[in-house]
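Participant: If you're matching them up, the sequences are chains B and P in order.
Numbering-wise (my numbering), the first sequence opens with residue 1 and increments by one.
Numbering-wise (my numbering), the second sequence opens with residue 1 and increments by one.
Source of the hints: derived by calculation from the structure; they are not laboratory data.
Even glycine gets a Cβ: it sits at the ideal position worked out from N, Cα and C.
Please note that the accuracy of each hint is not assured.
[What the hints assert, rightly or not] Selected chain P positions facing chain B (in silico; Cβ < 8 Å):
id, residue
1, M1
2, R78
3, R79
4, L91
5, F97
6, P103
7, S107
8, G108
9, H109
10, Q110
11, M133
12, I136
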Amino acid sequence: MMACRAMQRNRLRPREPVRRVSSKDARRGASGGAMPFLDKLKSYFQNHSQLFLGTFQRLAKEPVQTLMTSLVVAIALGLPAALYVGVVNLQQLGSRVETTAQLTVFLKKDAADIAVDQLRESLLSEADIISVDYISRQQALDEFRALSGFGDVLEMLDENPLPPVLIVQPVERFHGDLLASETLVVRLKGLALVDDVRLDMKWVQRLQGMLEVGERLAFSLGVVLALGVLLIIGNTIRLAIESRRDEIVVVKLVGGTNAYVRRPFLYTGIWYGAIGGLLAWFLVAAGFYSGSMAQ
Amino acid sequence: MIQFDKVSKRYSTGQEALSGLSLELAAGEMTFLTGHSGAGKSTLLKLIMLMERPTHGQLLVNGKNLNRLHRSQVPYYRRNVGVVFQNHQLLFDRSAFDNVALPLLVSGHQPREVGRRVRAALDKVGLLDKEKMNPITLSGGEQQRLGIARAVVHKPRILLADEPTGNLDPQCYHQKLWTCFGSSVRLASPY
């Protein structure tokens, strides 16, 4: 099947005199693999720093593709981050009024000032109530105009649409006690002048509930998008591996370790992550900046 | 140095490339392997390179049983082997110099050392003046010589060449490193 013969013993030395570099090489003999440990360590770190820059240069050569992949990372990171920041901001707002059991009592629009004053006096005399603040229709209008920015719209209306309001502050035992506050609400609602009563605590609680849902949403969105980012980066790197298959084969054949082969791809991934992260940070920051400017 | 002991290789397709091959090569020996196409010459070479593992039998290189060599040790083993490939296996995204430098870079040589050794190897095959060129611009014979330079640059203890004569013009036969070529697979232990 196969003929195999030893032809000759040959030391494989060059026949002609060789240049100085080569003869110096020859004197060293077969020192192929043996190298000082320190040299190896040094070239290990050299390899890393070289790849750190080299992979970036490679990415910079294809700016459009790099930017697109980085943007995918940025959006996937930025969406849940923005949602989370928004939720946290609202939470801070909520925690400030969380414990107050303040009641907003909307009076009938045609309530006479004298009647309102009397109601206020009688409420103040109750043991359960510390303070009652009166906001007249005009005051409410001014405040609304100043805060909402819809002042011009209000000018177009024939009459002031806002009712007079009493802000009722109950004693401390009502704080956080929804049941006691509710009975107070019902009692106040029964009064002749009162149109409606809102319990601010209930609003806060509702807000809190919504925020919890928002937080959970941000978290689950984050998980899903993180998975998406992993898959996208994985796919991008896989394509890169596919396009550099020849190189991998050759490197492995000349004795490159798996770590050596893997290293450039890992660094490419690091760059995608870093650029994507920076872009995400920029997007979120820009989003909130423009948001606060609008306010 | 290289010892085949009743080595058989059967590919997953069922094709039996080698069956019960025994063969011994001493250090410093130069051996030519001939056989018709499909005889299993390349398979034998791949077994020494550990690109394939034998189905049966033992393969000892330098006293080490390659069957017992762990996968993580394969790269370090390969650094002692130089191969000239039939299809050159050159990389066209870098210069001739960088192609030859590859075996030195993967084993972590210092840049100064790399430069010196690569130029020495390129000089031996007569391509020193083309170190900056892309291999794709080189002729078939030059590519072949570049592959030879890459195979010897790290001073391997074993040198394998798969059909190395294909692209070489006759005068290359007498050039510096390579004195003559036999027909097909060549196994050589230069030291």
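Participant: Take the hints in turn and mark each one as holding or not.
Facilitator: We went through each hint and held it up to the structure:
Proximity of P/M1 to chain B is violated relative to the hint, the smallest CB-CB distance being about 12 Å (cut-off 8 Å). Because the smallest distance between the Cβ of P/R78 and any Cβ of chain B comes to about 4 Å, under 8 Å, the interface hint for this residue holds. Here the hint on P/R79 is kept, as its CB sits about 4 Å from the closest CB of chain B, short of 8 Å. Evaluation of the P/L91 hint against chain B yields a held restraint, the C-beta minimum of about 6 Å falling below 8 Å.
Checking P/F97 against chain B: minimum C-beta separation of about 14 Å lies over 8 Å; hint violated. The restraint placing P/P103 at the interface with chain B holds, with a minimum CB-CB distance near 4 Å, inside the 8 Å limit. Checking P/S107 against chain B by beta carbon gives a least distance of about 6 Å; that is within 8 Å, so the hint holds. At about 4 Å, the closest approach between the beta carbon of P/G108 and any beta carbon in chain B falls short of 8 Å, and the interface hint on this residue holds.
A distance limit of 8 Å between C-beta atoms decides the matter here; for P/H109 the minimum to chain B is near 6 Å, and the interface restraint holds. Contact between P/Q110 and chain B, as hinted, is supported at the beta carbon level, the nearest pair being about 6 Å apart and thus within 8 Å. Violation of the interface hint for P/M133 is found here, the shortest Cβ-Cβ separation to chain B being roughly 18 Å, above the 8 Å cut-off. Taking 8 Å as the C-beta cut-off, the interface hint given for P/I136 is violated, the closest approach to chain B being about 12 Å.
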